[in-house]
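The task is simple: from the sequences and hints, build the whole structure.
Protein chains: 4
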Amino acid sequence: MQAIEQKVRESFGRQAFMATLGAQLTAAGPGTVEIRIPFSDKLTQQNGFLHAGVITSILDSACGYAALSVAPEKAEVLSVEFKVNLLAPAVGESFIARAQVKRAGKTLTVCMADAFALNQGNEKLVAMMQATIMNMIPQPHHV
Amino acid sequence: MQAIEQKVRESFGRQAFMATLGAQLTAAGPGTVEIRIPFSDKLTQQNGFLHAGVITSILDSACGYAALSVAPEKAEVLSVEFKVNLLAPAVGESFIARAQVKRAGKTLTVCMADAFALNQGNEKLVAMMQATIMNMIPQPHHV
Amino acid sequence: MQAIEQKVRESFGRQAFMATLGAQLTAAGPGTVEIRIPFSDKLTQQNGFLHAGVITSILDSACGYAALSVAPEKAEVLSVEFKVNLLAPAVGESFIARAQVKRAGKTLTVCMADAFALNQGNEKLVAMMQATIMNMIPQPHHV
Amino acid sequence: MQAIEQKVRESFGRQAFMATLGAQLTAAGPGTVEIRIPFSDKLTQQNGFLHAGVITSILDSACGYAALSVAPEKAEVLSVEFKVNLLAPAVGESFIARAQVKRAGKTLTVCMADAFALNQGNEKLVAMMQATIMNMIPQPHHV
Chain A
14 MQAIEQKVRE SFGRQAFMAT LGAQLTAAGP GTVEIRIPFS DKLTQQNGFL
64 HAGVITSILD SACGYAALSV APEKAEVLSV EFKVNLLAPA VGESFIARAQ
114 VKRAGKTLTV CMADAFALNQ GNEKLVAMMQ ATIMNMIPQP HHV
Chain B
14 MQAIEQKVRE SFGRQAFMAT LGAQLTAAGP GTVEIRIPFS DKLTQQNGFL
64 HAGVITSILD SACGYAALSV APEKAEVLSV EFKVNLLAPA VGESFIARAQ
114 VKRAGKTLTV CMADAFALNQ GNEKLVAMMQ ATIMNMIPQP HHV
Chain C
14 MQAIEQKVRE SFGRQAFMAT LGAQLTAAGP GTVEIRIPFS DKLTQQNGFL
64 HAGVITSILD SACGYAALSV APEKAEVLSV EFKVNLLAPA VGESFIARAQ
114 VKRAGKTLTV CMADAFALNQ GNEKLVAMMQ ATIMNMIPQP HHV
Chain D
14 MQAIEQKVRE SFGRQAFMAT LGAQLTAAGP GTVEIRIPFS DKLTQQNGFL
64 HAGVITSILD SACGYAALSV APEKAEVLSV EFKVNLLAPA VGESFIARAQ
114 VKRAGKTLTV CMADAFALNQ GNEKLVAMMQ ATIMNMIPQP HHV
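As given, the protein sequences belong to chains A, B, C and D, one line each in that order. Each residue of the first sequence is one higher than the last, beginning at 14 in this note's numbering. Each residue of the second sequence is one higher than the last, beginning at 14 in this note's numbering. Each residue of the third sequence is one higher than the last, beginning at 14 in this note's numbering. Each residue of the fourth sequence is one higher than the last, beginning at 14 in this note's numbering.
Possibly wrong hints are sitting among the right ones.
Claimed, not checked - Here are the simulated lysine-lysine pairs, DSS-like style, with alpha carbons at most 27 Å apart:
{"hint": "1", "chain 1": "B", "residue 1": "K115", "chain 2": "B", "residue 2": "K137"}
{"hint": "2", "chain 1": "B", "residue 1": "K115", "chain 2": "D", "residue 2": "K115"}
{"hint": "3", "chain 1": "A", "residue 1": "K20", "chain 2": "B", "residue 2": "K115"}
Keep in mind the hints are simulated off the structure, nothing from the lab.
Have a look at this one:
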């Protein structure tokens with residue numbers, strides 16, 4: 014269990030884009046991951062809301078790491094595809110992506126994730142993702 | 014036609030996140046938009062490839078502006094939802110998102126977009142988006 | 014509340030395809046709908062499992078009617094788009110689609126729905142849908 | 014090439030649901046498949062249009078068989094997920110689903126497909142699918 018969280022945190026730490034966004038991994042358990050990001054005016058679309066691509070990025074990473082948390086020990090993960098519905102403008106002080114595994118197969122894992130805008134302690138659902146992630150077992154190099 | 018391109022460029026210029034990514038609007042015609050982004054190690058996932066969220070961000074903006082280019086004059090646009098398939102690792106010197114309108118309705122516009130990795134002049138398809146965009150007519154304020 | 018259920022049941026009764034599939038509306042409340050279908054060897058794909066299109070059909074109708082149940086009184090609904098993940102082969106005595114509204118807007122409603130295979134009283138999750146539905150207010154005809 | 018078409022036709026012939034819908038496989042080449050279906054009032058939704066699930070069913074089968082046409086010889090295919098945009102009411106004398114492979118991998122194949130309504134010789138785009146299909150290599154049974 015601690016090993017899982019450590020594996021997830023170590024990989025998250027290597028995602029330079031998450032640092033660029035200011036994103037933090039705020040929870041990681043077996044099959045669930047939470048990522049948070051503060052609002053920044055460097056991350057906005059034309060109306061000053063958070064760009065849908067930013068919300069999608071933390072949803073995608075949250076789904077990927079939820080999948081990793083239940084993958085075989087040596088597996089890495091790769092996003093195959095995802096679909097996002099944007100339910101409300103991403104207006105808030107910060108944003109939370111919460112992912113959970115719905116089905117973990119040998120090769121493919123299906124996750125869903127919700128994104129919330131946080132305002133004065135209130136969470137509002139702003140986006141939903143349904144995603145497919147693939148387990149990749151690194152192949153030994155033949156000498 | 015020039016008016017369309019100007020409207021698209023003006024709105025793109027207000028997307029702070031596109032500047033943060035280093036993205037440029039490289040073409041905008043009626044129903045088609047192209048956005049390019051150079052590789053940067055600030056935009057990577059754990060293996061050093063471009064993060065899927067980055068590719069998705071330029072695909073989303075490209076679809077949104079393709080929709081805007083065919084929207085009524087006073088309309089703004091809002092992404093309703095999109096779906097992305099990631100076909101190959103996003104490895105390249107730069108990346109191109111090309112969007113086109115498939116159907117423009119009164120309220121909703123459907124676009125598709127492809128993302129390519131560019132290496133030594135060769136384009137490789139790395140992702141595909143299918144997206145729904147909504148026209149928003151700003152309401153006059155009643156005095 | 015009874016009016017909602019009646020509106021949903023009346024419309025479901027006009028979906029000839031649901032009758033062709035042998036589908037039944039087994040529950041309809043505000044924002045939630047359940048549809049069931051028995052296995053039939055007329056509905057199979059090449060391996061004898063229920064065709065993904067059948068599962069999708071009852072998920073789509075369940076989402077549409079969940080949206081209708083919270084729509085304005087005179088509104089009709091239309092599916093804009095949906096995405097389905099198929100999690101396991103659809104093997105079972107019967108199948109259940111359960112939809113719920115995640116966000117009801119003035120124009121668009123977003124629903125999610127799960128499909129389960131039922132075997133000797135045990136439910137197994139076999140598919141998940143995320144869907145966008147549009148409210149259509151029939152326009153009065155001018156004389 | 015003839016072997017491919019034969020493999021596709023043989024599997025299509027085992028999809029009882031396609032026969033139930035009245036669907037026919039009207040073309041099958043390497044990476045492309047076409048399926049047609051006549052209108053029937055047994056396949057309608059509440060307004061008398063073809064049910065979105067019917068359109069989705071022929072799009073799904075078309076994508077699956079396009080994937081099968083480029084899969085390894087002994088592989089079977091399984092739909093992992095798909096997303097459909099419904100662009101216009103499915104009103105017509107008959108309907109055509111045309112699928113093509115966008116990327117064929119070792120394990121996963123990504124296809125897109127368009128559905129058209131046919132009226133007096135005119136084709137109108139009514140739906141678009143983006144789909145992921147998995148190759149399944151049947152395992153030898155150990156004696």
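Taking the hints in turn, this is what the structure says about them:
Restraint check: the Cα-Cα separation between K115 (chain B) and K137 (chain B) comes to about 22 Å, which is no more than 27 Å; the hinted pair holds. For the hint pairing K115 (chain B) with K115 (chain D), the CA-to-CA distance comes to about 17 Å; that is within 27 Å, so the pair holds. Proposed proximity of K20 (chain A) and K115 (chain B) is contradicted: the alpha carbons are some 42 Å apart, above 27 Å.
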